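S.K.: Here are the chains, one letter per residue:
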Amino acid sequence: MSTYYFVIVGHNDNPIYEKEFSTVNKELRKEDHRHLSQFIAHAALDLVDEHKWKTANMQLKSIDRFNQWFVSAFIAASQIRFIIVHDNKNDEGIKNFFNEMYDTYIKHSMNSFYRINTPIKSPMFDKKAEIFGRKCLLS
Amino acid sequence: MRAAVGLMLSHGGAGLEPAMSRPDYEQSALHHGCLLVLLRGVGPSRARILQRAFEKVRRVSHIRVNDSSGNPRSIWIRFVHDHPVEHNDWGDFQTHRRLLGLITIGKFDNQTELNELCRQHESLKVRYGSTLYESRAIFFGPDEPPLKTIGEAQESAPAPVARRLQDDFTTPSNFKSQAFFYREQDSCADLESRISDFASALFWVLESRRLERSREKADKVSLLLAPFEKRDFVGLDMESRNNRKRCVGRVMKNLADLSLQAGLVEEALSLYHNANETLRSVGDSLWVGATEEGLCAASAILLYPQMREIETLHRNSSLQEAGTSPLKSTPEKWRASDATKKISSNEATANNVDSGAAAARLTSNSSSCSSVSSLVTTATNSSASDTPTTSSSSTSTLSAAPIPGHHRNGELPGNILKAEEITSYYRKAIINYSKYRHAATVETEAALKASRICIEQNRPLDVAMFLQSIMYINLSMTEAERVKRFEIITELYQQIGYQRKAAFFQRLAALKHVQQGSQAPDWNQSYRLMLGSFTGYLLCLDPLEVLENAAGWPSLQIDLVQSLITAARRLGHSALATRHMTFLLQTQWDNMSLTEQSEMAVQLKNLSAQCEGSPVPLVLENGTVIPPANLTDLPYCLDLQVKDLPAHLRPQRIKVAKADSGPFLFTPIHFNSMDRRDKKKDKNKIAFLWVQNDLSEVTVRLRNPLPFELPVTDMRLLTNGVVFESLPQSIVLQPHVPTYVSLHGTPIETGQLDLQGYSTHTLGVKSNCRLKHMRGRNFPPNYLVDVIPALPRIAVKSSLPQTATFSNMNSADIVVTSASLTLYNGESSSCTITITNESETLPLEHLEVNINSNVEQELQKKIFRIDEEALKAKLPVPPQGSIDFELHIYAEADFVCPLPPASVHSNAATGDYGATSLPHHSTMSASGHASLPSRVSSPQHRRNEPQNSSFRSTFSGGQHSLAALSLQPGGAAGPSSLSSQCSQHIEAQVRMKYSGGEALTAGYCRQCAVSFNLELLPSAQITSWDVLPAEIASQFYLVLDISNLTAQEMSLNYTDTKNILIEAKESCRVPIPVDRCSLEQVVAARAAEVAENLEKELCFRTQLLSFNDALSKLCSTHIAEKVKIHWLLTGTDIKGIASLRGIVLSQSMVDLTAVSPLQWAISFQDTPVQPHSEIVCTVGQRSLLSIQLTNQSLQPLRNLVLSIKFYQDYLNGMENYNLETRVAISGPNRIAIPLLEKQEQKQHTCSVIFFTPGRFKASVECCSNPPKEQPASVLTRSCPAGSLEENASLFTSSYDEQQAHVWKFIPPIEVTVVEQ
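Respectively, the protein sequence lines represent chains A and B. Quick note, the first sequence lines up with residues 1 to 139 if you use UniProt numbering. Quick note, the second sequence lines up with residues 1 to 1316 if you use UniProt numbering.
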């Protein structure tokens, strides 16, 4: 079993898009869990911000951990931060997922009706995230 | 109290486990070189009294001693409050863990208390006996009894006094320690030197131990053990080569520790290096780790001496207050010195061994901590300056000679670890420690020390790495310790500026405090920590700032605030809980779902039931101020409008200032544009004024965003500036329905009122909703209203009945009452208007009445009349007093019927007087005379009018027109503003401007109005008229057709004596004898006309008035003046006067009306002809007719034709002029008179012969003809030649002569011819 909590964080530490992927049945998952993931993701922002200037890579794998959870991140060119809180190592899958989502995000931000740093509410985006999540993370 | 201490002691002694259960989280690398001293307060604690002593002792953290060979040594002391005894067991492993000294501080009042203090001191000594070198006790005795103060005059007394205290109280015999006695108020001047002595005593013992150890033979050393190792070495061969090496290595390490403490850092370094090599070769991982840590510590002592400063600061600050404020400032310092640090660290890494670089590094470091040291000096009070050994030595001395004892030449030893090596050594040490389960505490401490060093090195990622590793150290510890661990991690993260990380752990710590299953949940701590983690989540206590920033992770923020609310509630601080809930609602409203919103609102209601929320700052016990939170957007304000006063109470300027005072009507230059521009700038400035003591209103449109009814009570306006009395308003808002709420209040003072918003009380919370805090609605930050001095108020009443509807005239809003009146045309009435001054204090000093109506000014003046002088005399009106005045109303109307279209074209020519009838006439003429383009009043046009010899048809024609009128009365009256055919509505306002008191001097007044609805009913009307010659020459008959348009019988009084009754809707004809218009008047009129024409000619040479116009006007006025027709509706007392104003006269009528310019003197048979005299002559006999004409007028008359005609009047309307066979005249019957100068007489004599008897009449008339017209029609065919020659001399004619006139001799001469 593995769970992934994916979040896109804007410039003001505000979440723009949140999504959870899990192999666990929905009944077994707890709401509490998601909350903890949010806290972990938020706490990891300090390290993400520290690391992003130290490396040329957009991928920051497993930069933080808390108990059994790891935090991987991806820095977009516009300093938008993609963060995944996960409980098992899947560097390759996460990398692919980040790349796919970055692509999707870029396309979405091209939409002139979308203002950067505001929550993404597009169902298309959501659907894409769902597909890539299943393909890269859960497979 | 003592029992508590006892409990504490027993608790301290209870733990005897091999592993250290309690990590020392405060420890830093530099503590490896310190001597550990327990500083403990004993006896009943009196913290404040002893605090000073504690501080004094604590200040002595560093001493300098010269050792036996004369080398200076730097010795550092670390004071601790508490030291678990089992930590001493680790003293062999790391000597700095050993407690070397003991200082107790106590306060006593009597001998027994002193004994108790001594006992406690001794028991502590016993407890730590195994490691203790020395101990001191500091006792504060009672103050000197008052008696002593009298003898205190001698200033050299303190020594005997001190002795006396020791004399008074004696320590028990078993008390072996050295004790210092002080009075409670003593300044303890020698305390610090005594502590220094104590420290040096410790040093000497330590030095002896070190020397002892150093002199030990390598083969004789015993194995030093960490506490948990004892079991491991049981039964092992201690003599093996490996174990010997192990023993030697450990001893060497021990010696290094001691050297480090004794101030020999360089020696310690080399010893550590050696020990490290030795131990590594035997694989003694634990001790290898210890040597590595030792190396790091020794290097750090040399590299980062300033860390002591920070450490001292921490301790001091933590003593002063538990707050986190100094912690907050630390990362700032850290960030501020970032740049310099990075540069210097680069240098250091490039050539670290280079002493110059190291020196540079030191300076930079010292500069980085300058702010800290300044903080220290403020914290420890400047009294520290007199003790040279205090830690708070100034920065300058530090940078000039940093730790002179160790490297005199400013050089660092060659074997020192480089900055980045320290980190890797620590890492290695931690790895080594991690191999031993029991060394978990040491490992934890090492990680903390490492992270502190990394903080100093400005390597946040390493700090994070070390702190991260702490989390994974498996350490069995109590929950309290775990919380402590989180807190220390928080603190360290905060130091490197990782606020979010810090907040994460702070929150964890807070949750741990109140974890489920915890025996004693500490909500207070939890609350404190939650509040502390606000910054990490980009929240702050001020809701406005949070809204302003609009940053952070909303769901986490909501969670945090909710936890905070729970903690506050559990603490019993309902006020705080309410405040935080309000904060949550205000700041996170937009981030909550609808259900969450309503849930939170309900929660707030429940919370506030316990403690009402109000907008005042709350102060926590630790001094934190919680700023007020307001439910600014609950209910949501859509709109706020400042309302003007009701129109009738609105203040106005008494004199309206002229807009521009320039010489031009239109100019782009605005002379007073300065203030105009100012007004535009003030967008929030309200254009109108409010009045002191007058109820004012602001309308607010509110929406309730909650799905349930929201009661809002005690809504008031929030104002600044002048004193304003707000009236509370309560309302229940339905969900999602915008509702208007009016907020009222009264300004008490004059000046500028600053409307800032309103306050509400909803969901149990009082809120100040200020406009400037309402976001996204484009409100100005406030509204400014000028309040002027109080104005009086009046009530107005009229004696007439009120109307049902108010008028629709403009500014109808100032109308306070109304009056209605119905009058017949010509009737007059009056109305009493009563004005009551309603104000309590102000007199009514100024009252201005004017009338405004929908009719022309001229007419209005005739209708309404007020005696303003009498009114003025009644002022001022005292408060509550009243006055009244009369308004006279006369139903002015045009009684003269406008002429029917058939005859208009002629009379319109002369009809431009009588202002009211003018428009009517113009319309009529337009319809009657289609060829005319527009108004007909130009004399040019008039001249083109055809000759109107028979202006008005005979009376039968008049009759006809009358009939036509009665058939269509409405049609004729249609476009007229004031016609008499149908009822007429006049709307008028009697406007009153009034003022009084200060406002009057300020130039303000109020205006109110009484609306008058006047209905004018038609009464009598003159439908047609004519002028007939009267029996005597000085009079004429005005014949009028008067119709009664009322529904009642009307009695007409048309002359002084004559009455006539007219049935309703009937008309009748009355002749009225009127005196002719006198010649003087005509003359005057003529003179005026000449003057006027002259003027006109000078100006533009056109549009000259003819004398005729003036004359005809004169005649019309004359008639209007002379003839007043009084009417009375029989059976009622309704009566009135019909005036003939505006009557239009034709030329012939004018000639009759005015006195003729010609004076006739006719004699027949040499006897002058008298009116109505009988002249008799006989047939066939010649009779002499002599006619004498005199020009009475002021002008010469030209082109006159005198004609004599005989005719026979059959008295049946037929007149026979064909009398050729009956009468003959000698000479011409038409005599042309080309010019008749004024006062000139002309005589014409002829003979008449009658051929048959009968009654003859002779009409003698004189015509004047217009010069250019062919006079053919008038001048008879019988004498064309005469007229022709007259025409020649007509060029200099005056204007009036261009019109034809006929002057007759009245009455015609009657001749009775009889047979001979």
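It should be emphasised that the hints constitute simulated quantities derived from the structure, not laboratory data. Just so you know, these numbers come straight off a predicted model, no measurement behind them. Watch out, some of these pointers could steer you wrong.
Taking lysine-lysine and the DSSO-like style, the derived pairs with C-alpha atoms no more than 30 Å apart in a straight line are [as the list claims (entries may be wrong)]:
1. A:K52 x A:K95
2. A:K52 x A:K127
3. A:K89 x B:K428
4. B:K435 x A:K89
5. A:K52 x B:K220
6. B:K428 x A:K54
7. A:K61 x B:K435
S.K.: Given the hinted pair K435 (chain B) and K89 (chain A), is their alpha-carbon gap at most 30 Å?
M.R.: Holds - the C-alpha atoms of K89 (chain A) and K435 (chain B) are around 25 Å apart, at most 30 Å.
S.K.: Keeping to a limit of 30 Å between CA atoms, is the pair of K52 (chain A) and K220 (chain B) held or broken?
M.R.: This hinted pair is violated, its Cα atoms lying about 57 Å apart.
S.K.: Take the C-alpha atoms of K52 (chain A) and K95 (chain A), compute the straight-line distance between them, and say whether it is at most 30 Å.
M.R.: holds, 16 Å
S.K.: Please work out if K89 (chain A) and K428 (chain B) have their alpha carbons no farther apart than 30 Å.
M.R.: Satisfied, since the Cα-Cα distance of roughly 26 Å is no more than 30 Å.
S.K.: Is the hinted pair K428 (chain B) and K54 (chain A) satisfied, with a Cα-Cα distance of at most 30 Å?
M.R.: holds, 24 Å
S.K.: Compare the distance between the alpha carbons of K61 (chain A) and K435 (chain B) with 30 Å, and conclude whether the hinted pair is satisfied.
M.R.: holds, 28 Å
S.K.: K52 (chain A) and K127 (chain A): Cα distance at most 30 Å?
M.R.: Holds, because 29 Å separates the two Cα atoms, which is no more than 30 Å.
Going through the hint list in order, the structure does not satisfy hint 5, though it satisfies all others.
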